[in-house]
Amino acid sequence: MAQITLDGVGHAYGGGKPATDAGYALKPLHHVWEAGKAYALLGPSGCGKTTLLNIISGLVIPSEGRLLFDDRDVTRLPTEQRNIAQVFQFPVIYDTMTVAENLAFPLKNRGMPKDRIAARVNEIATMLDLNHDLNRRARGLTADAKQKISLGRGLVRSDVSAVLFDEPLTVIDPALKWELRSKLKAVHRALDLLMIYVTHDQVEALTFADKVVVMNDGRAVQIGTPAELFEKPEHTFVGYFIGSPGMNLLQGKIQGTRVILDGQEIALGAAYPGLAAGSPVKLGIRPDYARLSTSAGLPVQVRRIDDLGRKRLAHVSLGGQPLVATVPHGMSLEGTQACVQFDPARTHIYVDDHRVEGQSLSEGRAA
Amino acid sequence: MTDNRVWDNRAWFFVLPVMVFVLFSSLLPMMTVVNYSVQDTMGQNNFFWNGAGWFANLLDSSTEAGQRFQGALLRNLIFSFVILAIEVPLGIAVSLCIPKRGWQVGAVLVVIALPLLIPYNVVGVIWQLFTRTDVGLLGASLNALHIPFDTRQDATSAWFTIVIMDVWHWSSMVALLCYAGLKAIPDAYYQAARIDGASRWAVFANIEFPKLRKVLVIGMLLRFMGSFMIYTEPFVVTGGGPGESTSFLSIDLVKTALGQVDLGNGAAMSLVYNLITLTVCWIFFTYTTHADQRKDA
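Just so you know, the sequences run in chain order A and B. For the record, in the first sequence the residue sitting at position 318 is 318 according to this note's numbering, with numbers rising by one throughout. Numbers in this note's numbering are just positions in the second sequence, counted from 1, shifted up by 367.
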């Protein structure tokens, strides 16, 4: 077990230092992956998640920076010598082998004695419910079972520094996805390994990981717990990407503890003395904390109501800007006129897409 | 499920053009051969019925025709076996060495494909000249080194030349097929193998070879057929000699049917020859389709 340190690791395909930031597939990044924790790398397709994962496993050598396993510099070490396990998006199985032989393969290649291999294979097969298929040919199995074998091969080595997952549940049936994800979580608790899990599915990331790294456009925009990502998105991208639907972002002008938006004033939960009065900002508020009401608050035009069963969401227009707000239980709407109320403590101010920390009004210090 | 198909035999009219085409393109020409294979003639277009007599001849090794046919068949099978045993492993080995990306790919593929683009007759001429003992680079050099080599006198030399010629001509095809098969293997397999710490041999045995099996079956079928029906190249190089040592089935057939105008034996030979190729084809076909089904199961 080890902790993994990224020391300014960045990568540009084609080699060399790119002239502009846009040339990076992965912009230089400092981060320490702590031993024994479960991380998720979350971001849209093409944001550099897989590149980062492949740099850690050694399938890609970064064009700059250093990669440390504990204190050992492994930046240029080939995959085989890194003691890393990785599971890929699509099942990779060895056609000619049985399930048991597949699981034993990484151990056999490293010269582990036969009886210990058998014991370990049994242990992993039990965790993944594969014991009944151990002696079957891997070739004839379903995609689900094949991916379980791939997962098993990733988990079978107990001495690895980390286990990396590259969207491993893509091919799995939705019903089984839940089961496998909680199984992985259980395996993580049982084996106490550093796990890094790449996904573009926020539910998967938030349920699996202790900490989530949100990536966009080759940059890690925020690293935090699921709660931090939800309550305090440091970047407008995080606000928009996490949550369903994402955070509302409204253009306005800051004025002390208020934001002026199309002539209307919105009260904030904090003061922003660092921002000049009248400078343009973005106000962020999650739909969960914007409530529709019949009388109190800012007047809005209701465009559409989405009934999601457990809650209703109103798509409204506030001074020409689109906004999604929660419709309280039991509220009935007539016509298109309504009002919206914001929870001041849950509002955030963004300048150039980055969150600005304010001085909390209730406690008189930085929140 | 209720059967609501419409029965209308007029639909056969749609099939008619194809049937007429097949009739003229293969059935009718074939029937003339069938016709000769069951009759005998003394000339003047007088034919009399000979039943299965010609076929019985071929199976009976005490007759001259039978002896020749069985000899040619045996030689042909040995030849096919030898060239498959060389070309398949060689083709795989070459395909593994072809670069996977970069400008080198195109250059290497063109060079490898060159022998395939040369007309069969020209291949024969090249090797005939190459192995001549007076002016041929190979033949003359070997003789200068006091290694006995003469395709016109010595059966071993003739066989050696024809096998090497076929390997030179056709290994490229196996290599290109295998290369296509290798390219179809997703990168993830190689990456997973690296993560799993597999040796180069383990990668070949557990990933590459199993994934190549399908193209290899096709490659072996094509090469078996090609070598089993080979005519032009050995005809140009050795003319089937010395003696009968390189007379394969098609060479012997031409000698019988055209050289000696032995129409009965020639026709019977043609049909049996045809039947053998069809049978082998059918075996390969059922094997591959069954292999697919087993995979799907």
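Hints in this document: simulated from the structure, not taken from any laboratory. Glycine included, each C-beta is placed from N, C-alpha and C at the ideal position. Just so you know, not all the hints are guaranteed correct.
[What the hints assert, rightly or not] Computed cross-link-like contacts, BS3-like style, restricted to lysine-lysine with a CA-CA straight-line distance of at most 25 Å:
#1 A/Lys253 - A/Lys211
#2 A/Lys311 - A/Lys253
#3 B/Lys578 - A/Lys108
#4 A/Lys232 - A/Lys27
#5 A/Lys37 - A/Lys253
#6 B/Lys467 - A/Lys37
#7 A/Lys211 - A/Lys177
#8 B/Lys467 - B/Lys550
#9 A/Lys311 - A/Lys232
#10 A/Lys146 - B/Lys622
#11 B/Lys467 - B/Lys622
#12 A/Lys146 - B/Lys578
[Unchecked claim] Here are some of the chain B residues that sit facing chain A, going by a computed Cβ distance under 8 Å:
#13 Asp501
#14 Gly503
#15 Tyr556
#16 Gln558
#17 Ile562
#18 Gly606
Determine which of the earlier numbered hints do not hold for this structure and return their numbers in increasing order.
1, 2, 5, 6, 10, 11, 13, 14 and 18
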